[in-house]
Amino acid sequence: MTRPLIGTGIDRVDGRKKVTGGATYAAEVQVANVTHAVIVGSTIGRGKIKAIDITAAQAAPGVLAVITHDNAPKFPGVSHKAEANDRAVQGLQDDIVLYHDQPIAVVVADTLERAQHAATLVTAEYDAAAAVGDVEADLGSAYIVETPRGPAEIHRGDLAAGMAAAKTRVDVTYRTPVETHNPMEPHATIAVWQGDDHLTLYDSTQAIFTVRRRLSTMLGLSPENVRVINHYCGGGFGCKGAPWSHVLLAAIAARASGRAVKLAITRPQMQSLVGHRPKTLQKLELGVDGAGRLTAIRHDCVSETSRFDVFVESCTAVTRMLYACPNVSTVQRLVRLDVPTPTFTRAPGESTGTFALESALDELAYAAGLDPLELRRKNHADHDPETGKPWSSKSLLACYQRAADAIGWSKRPAQIKTLREGRWQIGYGVATTTRPSRQLPATARARMMPDGRAVVQAGTQDIGTGTYTVMTQVAGDALALPIGDIRFELGDTALPEAPPSVGSFTAASTGPAVHNACMALRAKLIELATRDPASPLRGLAADAIDAEDGALVARADRNRRDPYAAIVTRSKQPEISVELHTEAHKDRDNYSVGGFGAVFAKVRVDEDLGEVRVDRLVGAFAAGRILNPKTARSQLLGGMVWGIGQALHEHSVRDTRTARMVTRDLADYHVPVHADVPDLDILLVPEEDPHVNEIGVKGLGELSTPGIAAAIANAIYHATGVRIRDLPITPDKLVQG
Amino acid sequence: MSSVETPIAVGMVAPSFVLHDDAQRPLSSSETRGRPWVLAFARGWTPGHDAGAIRAQLRGLGAILFVVSDAGVWSFRPDDDIELTAGPSRRLRREAAELAARWGVPSGEDGVFVVDRHGVVQLAHTPSGDLSATLASALAAAGREVIGLPPRPGITRRDWAVMSLVAGFGLVLLHGCRTPGSDRPAAPAPVAVKAGSDVDVVLRINGQDRRLRIDPRTSLLDALREHLALTGARKGCDHGQCGACTVLRDGHAVNACLTLAVAAEGAEITTIEGLARGEQLHPVQSQFIAHDAFQCGYCTSGQILAAVGLLREGRAKTDDEVRQQMSGNICRCGAYPNIVAAIQAARKEV
Amino acid sequence: MKPFTYVRPADARAAITAAGAGSASFLAGGTTLVDLMRLEVMTPSAVVDVSSLPLAAIERAGDGLRIGAMARNTAVATHPIVVERYPLLAQALLAGASQQVRNMATVGGNLLQRTRCPYFRDLAVACNKRAPGSGCSALDGFTRSHAILGTSASCIATHPSDMCVALAALDAVVHTRGAGRERAIPFGEFHTLPGDHPEVENVLEPGELVTHIELPASPFAAHTHYVKVRDRAAFAFALAAAGVGLDVADGKIRAARIALGGVATRPWRATEAEQALVGQAPGRASFERAAAAAIVDPKPRRDNAFKIVLAKRTIVRALELAWGAA
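Protein chains in written order, with my numbering: chain F, 4 to 740; chain P, 417 to 766; chain L, 42 to 367.
These aren't lab readings, by the way, just hints derived from the structure by calculation.
It is possible that part of the hints are untrue.
[Stated by the list, open to error] Facing chain L, according to a computed beta carbon distance under 8 angstroms, are these residues of chain F, among others:
1. L224
2. S225
3. E227
[What the hints assert, rightly or not] Looking from chain P toward chain L, a few residues come up when the C-beta cut is under 8 angstroms (computed):
4. T422
5. P423
6. A425
7. G427
8. N622
9. T662
10. V670
11. N671
12. L674
13. T686
14. G690
C-beta: ideal position from N, C-alpha, C; glycine also.
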């Protein structure tokens with residue numbers, strides 16, 4: 004039998020291209036006579052443009068077009084927003100300014116240097132109004148809103164009675180700041196019109212079909228006439244999940260200048276134009292009885308959104324389902340601000356909500372004199388407390404055990420402030436993590452070529468998640484072909500439609516589609532062979548045939564084999580191809596589905612200088628079948644690094660007077676660097692799940708971020724006795740204690 | 417020094433020398449007693465280069481190395497962790513120039529000589545010589561030992577083996593430190609370009625001269641990406657804050673985004689596209705694949721080139737040192753642990 | 042980037058002549074100039090590229106060391122004489138920026154490094170340093186990174202250099218050449234306080250070229266340390282930094298050097314704190330007294346009061362490490 008590829012940690016199939024510079028990202032596609040567009044941003048946070056002067060910019064050398072709301076082509080569809088997760092964009096359609104750095108003009112020139120300078124020559128006069136940029140400046144306006152992840156509020160059991168029954172309670176408020184995704188590749192779009200009604204976009208995106216749908220709607224084009232291509236995406240983390248203003252502006256600029264236009268936004272623009280994780284204010288009230296059982300949980304979250312669009316950071320979603328507690332009350336509120344719209348950011352809701360919930364549990368444990376890990380174990384939810392459904396699979400208790408053993412949890416002193424090495428205070432912390440697993444419909448095409456090699460296609464994306472590689476593995480097992488005989492293609496709306504690469508559901512959505520399409524192709528090849536008098540397998544029943552090493556073989560006599568190449572060649576067709584649509588697995592209705600994990604941190608804190616170093620992070624995770632342990636481990640590592648950033652570094656700051664972003668680049672917006680990240684321990688807890696989908700995959704791209712910030716904050720408390728409830732935990736906060 | 421000087425040639429007894437630094441501390445060939453030694457005239461060499469690796473090599477060979485460069489004179493000993501140094505004082509410069517002349521190395525050129533433990537010159541390489549041919553003969557000498565051919569009279573087989581290894585090492589060292597070497601002008605020619613005019617530049621990229629007519633505002637990064645279709649150098653921030661644009665300039669990692677292309681004339685630029693030798697990946701490249709040291713891949717070119725620079729410079733050794741020195745290369749996917757592992761694995765191969 | 046005239050002069054004399062006219066800037070490593078030109082925070086009419094002039098030598102000068110203005114940070118930090126005799130300078134250089142930036146940045150350029158104040162870098166807001174007389178957006182803005190020492194009503198921007206902290210402590214002398222004269226400027230006189238003219242940051246005249254710096258012989262090499270507190274473990278500007286040196290004989294401090302970074306508008310020499318140490322026995326008690334004496338009349342704003350405490354603790358830590366007691 005062919006050795007199975009699924010479960011094997013093979014090297015990435017696109018690895019060679021990525022280490023030789025050969026992977027081509029959106030702005031790197033070679034388009035003849037391409038011009039360069041630069042966005043001019045507003046310098047007020049709220050108001051109207053009174054006048055905009057483009058004469059100097061127009062007169063600058065090399066300038067081909069200067070587009071403002073005065074002269075931009077108008078598209079009624081721009082304001083149309085079909086789905087809740089679509090982001091309203093600003094495309095020079097009116098004179099209204101909704102936030103700082105909002106596009107107010109686009110300059111197109113023959114070279115980048117000329118476009119950049121000409122953009123500085125555009126000046127605007129405004130009627131400015133006061134802009135508010137902080138949730139806490141306008142808490143009174145908070146309103147309750149339904150979240151994409153469930154109802155705005157839930158009230159389970161009797162909260163007051165639960166609180167009254169508690170022996171120990173905590174009532175605390177946590178803050179998480181605005182964070183900005185900052186993938187390494189800034190968003191970029193090359194727009195090329197073919198006539199007035201055909202548009203090709205080379206766009207850095209997590210969602211080629213969403214870009215196609217949105218742009219065709221906005222521009223009034225038929226979707227088939229818009230083609231979106233993205234073979235390599237330099238990171239997304241949510242901010243490339245829907246097209247933002249610049250994609251529309253690239254199309255408009257290309258239309259206005261009559262040339263192909265490349266629009267790569269700048270790193271400062273990345274801080275304002277492509278979404279962010281909103282600031283949250285989270286009030287947690289928890290009660291525990293003398294036996295260590297949670298009696299009540301209340302979780303109120305307020306987060307920010309823009310004046311013109313709605314995004315809810317669903318912090319409370321995790322509180323509704325993570326622990327077995329009879330009395331639970333959660334509320335989500337929003338405050339509208341003069342800021343750009345926030346959006347999904349790696350583990351949206353969970354990373355922020357888990358920081359608060361898992362910190363509060365830690366506070367509760369210390370207050371009640373309980374082991375923080377024991378408190379979590381005792382309140383393990385054996386079924387989904389929110390829906391009452393059983394879990395399709397859940398290995399959280401095993402995760403606790405393996406990770407606790409790995410870090411030596413039981414050997415640490417329970418007392419705070421007891422461990423030190425010189426000036427370093429040392430502490431341990433624990434937290435739980437979870438992420439729901441979803442499966443969206445997807446279509447894939449499997450094609451067998453006359454040389455016996457397969458081409459498998461789906462319009463998904465590889466944003467660094469290993470899609471090229473794991474889909475090749477899935478296809479390889481279904482067709483019994485070695486890696487080298489399969490080419491998996493993605494990133495083009497000319498391919499069958501697959502869902503966006505968001506929500507950690509690519510493997511669990513496109514994976515089954517690829518599997519099913521390949522199995523259907525295999526069935527078709529079997530049918531061809533068994534009906535073909537020239538085949539050694541003629542006349543055999545389909546279920547008497549296996550696939551192995553690029554051929555069909557008779558199960559009873561494996562010497563009777565018909566290579567794929569022979570079957571296709573004899574068919575006299577150029578190829579044998581199957582396209583198949585796959586819906587979410589039917590079992591999913593009967594179960595709650597999610598990945599779970601346990602994360603432990605060991606930190607050291609300089610008692611005088613407040614510097615924190617993460618010594619160790621251990622995470623044990625279970626997320627169904629692991630398609631490729633090597634790429635899975637990488638995703639989990641990355642998620643943990645995001646947790647380190649959330650805990651210690653990341654903070655987008657707006658000026659409180661103007662709502663203008665102050666942290667405008669990667670020198671001021673700190674993400675973890677090499678020196679911040681120790682070797683990290685990843686433990687993959689085996690889990691078989693027959694209910695999630697045909698390949699047993701839950702998805703894990705975001706599973707390892709939630710919990711990390713809490714584990715680190717909890718470890719800092721264990722080390723120092725100082726509880727920081729306001730991320731990030733920077734030296735100033737610890738110095739001021 | 418004798419006034420009747422014969423040119424240094426293989427087989428002759430090496431002349432002794434003494435150099436003095438400001439503190440009159442002598443640096444002398446007499447300290448070589450009973451050991452083989454290498455005398456390298458390497459103009460562009462600075463002590464940042466591979467000092468640790470050099471010491472490890474010397475320890476294995478029991479040899480002493482003298483390097484005479486523009487920055488001073490160094491003596492590396494196998495049994496000592498501290499190299500003796502002398503800064504380029506006026507006196508030392510004079511003495512070094514005389515030494516070079518005595519050994520037949522023209523001013524400003526490179527050369528390397530290997531002397532065996534009996535004080536006999538066993539290998540001489542001067543700018544007129546063909547480096548690879550000399551290296552080949554050194555390796556052939558080593559091979560002679562292996563296949564059992566009799567060595568020259570007066571030296572043992574072991575002497576020869578050590579000698580040949582020292583010679584090979586010396587040559588590799590010399591080759592490695594040919595920064596803006598003698599085959600190119602030391603500095604690019606003076607130029608003045610009026611604001612608004614384009615400028616003709618010649619950039620030496622991956623061993624090839626590339627001629628461009630560009631706006632003087634063009635960064636090296638945009639010259640590569642927008643004018644030469646070498647898009648492997650990535651633009652992540654355009655302000656030296658992320659490292660995605662890292663290229664090697666004369667062997668050292670730099671930010672191409674903060675380099676004006678016109679100011680890169682005269683430098684040897686290596687981009688990710690120039691790292692592999694044909695189909696054969698550089699060890700750092702292949703270890704990045706093996707360790708899955710990337711996800712989205714956008715920072716990868718910069719990480720790899722920074723790592724190549726790091727290994728070449730040779731200072732960062734422990735994981736923590738590697739992390740510190742690599743911290744100018746941000747990976748938002750968080751592949752850091754795998755990157756460090758890949759670099760440490762590649763260290764054994766480069 | 043605004044168009045500029047690019048000049049690559051044949052020699053230093055030609056460079057000085059070329060830079061004397063209009064608003065010219067010398068280009069060395071480019072890590073400050075190209076960065077700020079791309080933002081159009083700096084808009085020189087001419088860029089005079091001195092990076093390939095032969096000004097990169099590092100050599101002994103009498104008992105001291107002479108470092109050419111074009112010597113790259115990495116070359117300085119790893120030079121054996123620097124490592125042996127001026128380890129404070131090596132530590133400070135290696136604590137700064139990234140390997141790439143250190144491979145590019147020069148000693149001369151680093152002397153002229155501009156502030157990282159976010160308002161200075163954002164053309165949309167007022168800044169007296171960038172646009173004299175326009176006002177200071179930082180004063181009542183987000184001031185976590187700003188200075189508490191040497192500030193004025195016009196500017197509270199922090200001097201960002203690590204190298205300059207070491208040079209301040211080491212009593213460096215800056216050597217320059219201008220039209221018709223050469224100057225030797227003691228380091229403490231090189232950078233100016235912002236006062237009413239934060240756009241002026243040093244005493245250089247138009248066209249005046251830094252050729253090299255000289256470090257006198259230092260008695261502090263045995264007991265010296267640079268401590269930098271920052272938001273991440275590398276590649277971040279200082280929240281507070283201290284470069285210190287102790288000359289100890291017979292159990293008493295004969296002389297001390299304390300310079301601060303990250304907390305002041307220019308490289309900050311804490312001479313009063315140094316005096317407080319002279320004659321004292323090295324130890325936590327004397328170090329804490331010195332630290333208290335170092336922060337005189339701080340002027341914190343909304344977000345940076347923590348620097349008062351942090352700077353003192355950073356000094357104590359640096360002194361302890363220098364003395365070998367931490």
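Failing hints, ascending?
Of the numbered hints given earlier, those the structure breaks are 1, 2, 3, 4, 5, 6, 7, 8, 13 and 14, listed in rising order.
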